[in-house]
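Q: Single-letter residue listing:
Number of protein chains: 2
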Amino acid sequence: MDLDIIDRTLWQVRELLTNDNVAGAIYLIKGLLPADQADVFEDLAPEQQQALLPEMDPDEAADILEEMEDEAASDLASQIAPEMLAYIVDEMEPDEAADLLGDLDPALSQATLAAMAEPEDVRPLLLHPDETAGGLMTSEYLAYPQQMRAGQVLAAIRQWPVRGHDSAYLFTVDREGRLAGAVNLFDVLRTDPQMPLSAMMDRDVLKARVDDDQEVVARLMSRYGLAAVPVVDADDRLVGVITVDDLVEVLEDEATEDIQRIAGTSPLEQPYLDAGITSMAWKRMGWLLFLFFTALLTGSVISRYEGLLSSHVILTVFLPLLIGTGGNAGSQTTATVIRALAVGDVALYDFPRVLWREMRTAIVLGVSMAALAFPAVLLWGTSPIMAGVVALSTIGIVIWANSVGSLLPLVAAKVGIDPALVSAPLMSTLVDAVGLLIYFNIAALLLRA
Amino acid sequence: MDLDIIDRTLWQVRELLTNDNVAGAIYLIKGLLPADQADVFEDLAPEQQQALLPEMDPDEAADILEEMEDEAASDLASQIAPEMLAYIVDEMEPDEAADLLGDLDPALSQATLAAMAEPEDVRPLLLHPDETAGGLMTSEYLAYPQQMRAGQVLAAIRQWPVRGHDSAYLFTVDREGRLAGAVNLFDVLRTDPQMPLSAMMDRDVLKARVDDDQEVVARLMSRYGLAAVPVVDADDRLVGVITVDDLVEVLEDEATEDIQRIAGTSPLEQPYLDAGITSMAWKRMGWLLFLFFTALLTGSVISRYEGLLSSHVILTVFLPLLIGTGGNAGSQTTATVIRALAVGDVALYDFPRVLWREMRTAIVLGVSMAALAFPAVLLWGTSPIMAGVVALSTIGIVIWANSVGSLLPLVAAKVGIDPALVSAPLMSTLVDAVGLLIYFNIAALLLRA
Numbered sequence: 002m003d004l005d006i007i008d009r010t011l012w013q014v015r016e017l018l019t020n021d022n023v024a025g026a027i028y029l030i031k032g033l034l035p036a037d038q039a040d041v042f043e044d045l046a047p048e049q050q051q052a053l054l055p056e057m058d059p060d061e062a063a064d065i066l067e068e069m070e071d072e073a074a075s076d077l078a079s080q081i082a083p084e085m086l087a088y089i090v091d092e093m094e095p096d097e098a099a100d101l102l103g104d105l106d107p108a109l110s111q112a113t114l115a116a117m118a119e120p121e122d123v124r125p126l127l128l129h130p131d132e133t134a135g136g137l138m139t140s141e142y143l144a145y146p147q148q149m150r151a152g153q154v155l156a157a158i159r160q161w162p163v164r165g166h167d168s169a170y171l172f173t174v175d176r177e178g179r180l181a182g183a184v185n186l187f188d189v190l191r192t193d194p195q196m197p198l199s200a201m202m203d204r205d206v207l208k209a210r211v212d213d214d215q216e217v218v219a220r221l222m223s224r225y226g227l228a229a230v231p232v233v234d235a236d237d238r239l240v241g242v243i244t245v246d247d248l249v250e251v252l253e254d255e256a257t258e259d260i261q262r263i264a265g266t267s268p269l270e271q272p273y274l275d276a277g278i279t280s281m282a283w284k285r286m287g288w289l290l291f292l293f294f295t296a297l298l299t300g301s302v303i304s305r306y307e308g309l310l311s312s313h314v315i316l317t318v319f320l321p322l323l324i325g326t327g328g329n330a331g332s333q334t335t336a337t338v339i340r341a342l343a344v345g346d347v348a349l350y351d352f353p354r355v356l357w358r359e360m361r362t363a364i365v366l367g368v369s370m371a372a373l374a375f376p377a378v379l380l381w382g383t384s385p386i387m388a389g390v391v392a393l394s395t396i397g398i399v400i401w402a403n404s405v406g407s408l409l410p411l412v413a414a415k416v417g418i419d420p421a422l423v424s425a426p427l428m429s430t431l432v433d434a435v436g437l438l439i440y441f442n443i444a445a446l447l448l449r450a
Numbered sequence: 002m003d004l005d006i007i008d009r010t011l012w013q014v015r016e017l018l019t020n021d022n023v024a025g026a027i028y029l030i031k032g033l034l035p036a037d038q039a040d041v042f043e044d045l046a047p048e049q050q051q052a053l054l055p056e057m058d059p060d061e062a063a064d065i066l067e068e069m070e071d072e073a074a075s076d077l078a079s080q081i082a083p084e085m086l087a088y089i090v091d092e093m094e095p096d097e098a099a100d101l102l103g104d105l106d107p108a109l110s111q112a113t114l115a116a117m118a119e120p121e122d123v124r125p126l127l128l129h130p131d132e133t134a135g136g137l138m139t140s141e142y143l144a145y146p147q148q149m150r151a152g153q154v155l156a157a158i159r160q161w162p163v164r165g166h167d168s169a170y171l172f173t174v175d176r177e178g179r180l181a182g183a184v185n186l187f188d189v190l191r192t193d194p195q196m197p198l199s200a201m202m203d204r205d206v207l208k209a210r211v212d213d214d215q216e217v218v219a220r221l222m223s224r225y226g227l228a229a230v231p232v233v234d235a236d237d238r239l240v241g242v243i244t245v246d247d248l249v250e251v252l253e254d255e256a257t258e259d260i261q262r263i264a265g266t267s268p269l270e271q272p273y274l275d276a277g278i279t280s281m282a283w284k285r286m287g288w289l290l291f292l293f294f295t296a297l298l299t300g301s302v303i304s305r306y307e308g309l310l311s312s313h314v315i316l317t318v319f320l321p322l323l324i325g326t327g328g329n330a331g332s333q334t335t336a337t338v339i340r341a342l343a344v345g346d347v348a349l350y351d352f353p354r355v356l357w358r359e360m361r362t363a364i365v366l367g368v369s370m371a372a373l374a375f376p377a378v379l380l381w382g383t384s385p386i387m388a389g390v391v392a393l394s395t396i397g398i399v400i401w402a403n404s405v406g407s408l409l410p411l412v413a414a415k416v417g418i419d420p421a422l423v424s425a426p427l428m429s430t431l432v433d434a435v436g437l438l439i440y441f442n443i444a445a446l447l448l449r450a
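Protein chains in written order, with my numbering: chain W, 2 to 450; chain R, 2 to 450.
Hints were generated in silico from the structure; no laboratory data involved.
Just to be clear, a hint being listed does not mean it is correct.
[Claimed, not checked] Calculated lysine to any residue pairs in the SDA-like style (CA-CA distance at most 20 Å, straight line):
| id | chain 1 | residue 1 | chain 2 | residue 2 |
| --- | --- | --- | --- | --- |
| 1 | W | K31 | R | Y225 |
| 2 | W | K31 | R | K284 |
| 3 | W | K284 | R | S404 |
| 4 | W | K415 | R | L274 |
| 5 | W | K284 | R | V365 |
| 6 | R | K284 | W | A371 |
| 7 | W | K284 | R | M360 |
| 8 | R | K208 | R | A144 |
[Stated by the list, open to error] Chain R residues, not near chain W, derived (Cβ > 12 Å throughout):
| id | residue |
| --- | --- |
| 9 | L45 |
| 10 | E92 |
| 11 | A112 |
| 12 | D351 |
| 13 | I443 |
[Unchecked claim] A few chain R residues facing chain W, derived, Cβ under 8 Å:
| id | residue |
| --- | --- |
| 14 | Y88 |
| 15 | L186 |
| 16 | A228 |
| 17 | G300 |
| 18 | V314 |
| 19 | L320 |
| 20 | P321 |
| 21 | G325 |
| 22 | V347 |
| 23 | R358 |
| 24 | M370 |
Every residue gets a Cβ at the ideal spot worked out from N, C-alpha and C, and that includes glycine.
All chains, please: the whole structure from these sequences, using the hints.
A: Structure (structure tokens):
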């Protein structure tokens, strides 16, 4: 991940291409790892990408297309002749190949499949939506009939070439192709060659269904530390395997989405620097506008108290402070609960426990802050009554903010909405408006008394 | 991850233990997977944990201690006699064993090591800080001299039992024990038994140094899709291997920390439901108090404009709206940039590009919002001049918020501070105070004109 090297290579490749030295450019790119090659490629002009890719070895071109962002890869692939593209796609991992072909124009995708040497690896994968276990799995895995003997399995591995099989696990199936178990290659090597797989396999294998959501599968793999998870169809037949590199990608994307949603922006579909300006603005506009208009409601709350405010302008001074405290306390709670739900630390049946924890936390927080706020506001130069208004409002607002902040994600999860999606904006609106009501009512009570 | 089953088992185990039926309780727990067993265990009373653990098979007790949260595991282990504990720790993965022993009282840790059958696997791992590659790696990996032949390696694997080796990769070393390369077991099986490893190994192996930060290693593994990464010392000698389950844990913890920090709370060290109330309140107090006191400064800004405010109380009505818009736009930018930095989509040299992107996004956002805000505020019932003040302030505040929101994480990263740690609170303070100045100055200019 030495980004300097990527930048230097990019600069040199551009220079070489300006002088039509394609061979030199390819030589430089070859010196990098695939993820870095893809980074360099993505930063080249489309014409340069189209000039370079067909000149590279198909397996290296395949690595680059696999590592490029989906959109950039399909943009590039659509500019290449189907016969040429077929050579490259044949060298890709079947799951990556299916992702790419699924993103292409159907006519081009069909033409490419027709020109491929091994389309049968990829074709079934095209049937599954991207965000499911079926969309994540590869059709290139090792599975053997459970009645096979250890020695026969070793002989089969010797005869049938497997490309970069990272995991030491092999799966076993029964006569109907249903998943039966898993064996570790190290154990197969060590056991008596006459031992059938059925006698040595682990039968309690965790598995995913083709239509399972990819996040559910990722959680399963991370919770139980699985390096690979077999995928079965409705009849329990083994149809694919999800490997750990896919898991990491899903977990990373999921966390990124949650972070962006908690901060009130729809998830970007591309890496930050590749997203268009209008698309970025658009993704952020929704929440900003929603809050803008709900803030007009908050404004209506304020305008009802214009009399109080014009007789005590000092109340305005503490408005940002109290709104801010409510918003911050609410965000802390919402983000903490959303993440706890996402990583599985909290389940829906923990609802009452979470609420009870947040209420107690809010009381500790509110009272401590009020104890510090009272002298601070006094020293700042107001009357003791005004300091009391601020201190009491702080307690009320923090308790309210933590209640709303914990309830919203839990309710969202209960009714099946992504908690990160709705909690932050709704929380902010509810906390602002009600917080002001708490403040003004305490003020009216104490200042008029 | 069927949480219902965990809950039901927990309830039944408690019932059985109340009737002193330890064997029955163990039988029920055995039916679960280790991660689920640990969940049940963590929810039992300490006396119940201490009664159960020594009665279980050492390898099952080891699985449970591995899967329990670090603090809960060390609390439980400290209550067990060192001779008993040694049996269990002998069955743990060396890296997990080292983590546990490192968390214990040194006297107990020494006594346990002294009673262990294989302390030499664990002892060297105790030297490395938890958050480094050395703290993450295991000493249980397969490495062979590069001059060994494929057939000899297979014979060695047959003779020397390896426990649950998930990865198909073996590492090779030279005569000085320095990392030479990596080979895939499938290739070793398939090649001529007389072929030396040095003739078939991949020499360009990505590796980590023992003292590398664990996040750097996790990023390396996720970027290049590595299932296992070898760890070398200062002399390039192979000393351990980091496996993918550790990677997933680091990535998850890192994302959780970032989410909590972005929302202004110090990261919780335990899972949500295990954290104490005062510890939770304490972790959130810091930011709340900081913002509370900086909001007093914002209040000072307001009190300077008391004249303007008392002559135009309507200005107060739009205060929460404009402060909110600034805060929201700033949070969106900060969170997006922090995450882009964390996953490597943005590097420090992208500084100018990021700023330029955010400025353009801010102009698109600000102008669009102002165009909608002007009629909305007018319809809400104010003068055209007041609506103009709100619209112009919106543009100014959004541009300011996006600039601050993108600059702060980049500057923090540049000077080597975690961007998630400082950006959110500082952003909020700067945006609030300056945002009000923008608002009041535009108001003073237009309303007095």
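Q: Against chain W, is R:G325 within 8 Å by beta-carbon distance?
A: R:G325 check passes; min Cβ-Cβ to chain W is 5 Å, inside 8 Å.
Q: Can the restraint linking R:K208 and R:A144 be considered satisfied, given a maximum Cα separation of 20 Å?
A: Holds, at about 14 Å.
Q: Is the shortest C-beta separation between R:M370 and chain W less than 8 Å?
A: holds, 6 Å
Q: Is it correct that the beta-carbon of R:D351 has no partner in chain W closer than or equal to 12 Å?
A: violated, 6 Å
Q: Could you check if R:Y88 really has its C-beta closer than 8 Å to a C-beta on chain W?
A: violated, 23 Å
Q: Given the hint that W:K284 pairs with R:V365, does the C-alpha gap stay at or below 20 Å?
A: Judged against 20 Å, a Cα distance of about 12 Å means the pair holds.
Q: Taking the shortest Cβ-to-Cβ distance between R:L45 and chain W, state whether it exceeds 12 Å.
A: holds, 16 Å
Q: Taking only the CA atoms, is the gap from W:K415 to R:L274 under or equal to 20 Å?
A: Judged against 20 Å, a Cα distance of about 18 Å means the pair holds.
Q: Hey, does the R:V314 contact hint survive, CB to chain W under 8 Å?
A: holds, 5 Å
Q: Answer holds if the nearest beta-carbon of chain W is closer than 8 Å to that of R:L186; otherwise answer violated.
A: Status holds, d = 6 Å.
Q: Should the interface hint for R:G300 be scored as holding, given a Cβ-Cβ cut-off of 8 Å against chain W?
A: holds, 4 Å
Q: Tell me if the straight-line CA distance from R:K284 to W:A371 falls inside 20 Å.
A: Distance ~17 Å between R:K284 and W:A371 Cα, so the pair holds.
Taken one by one, the earlier hints fail for this structure at numbers 2, 12 and 14, listed in ascending order.
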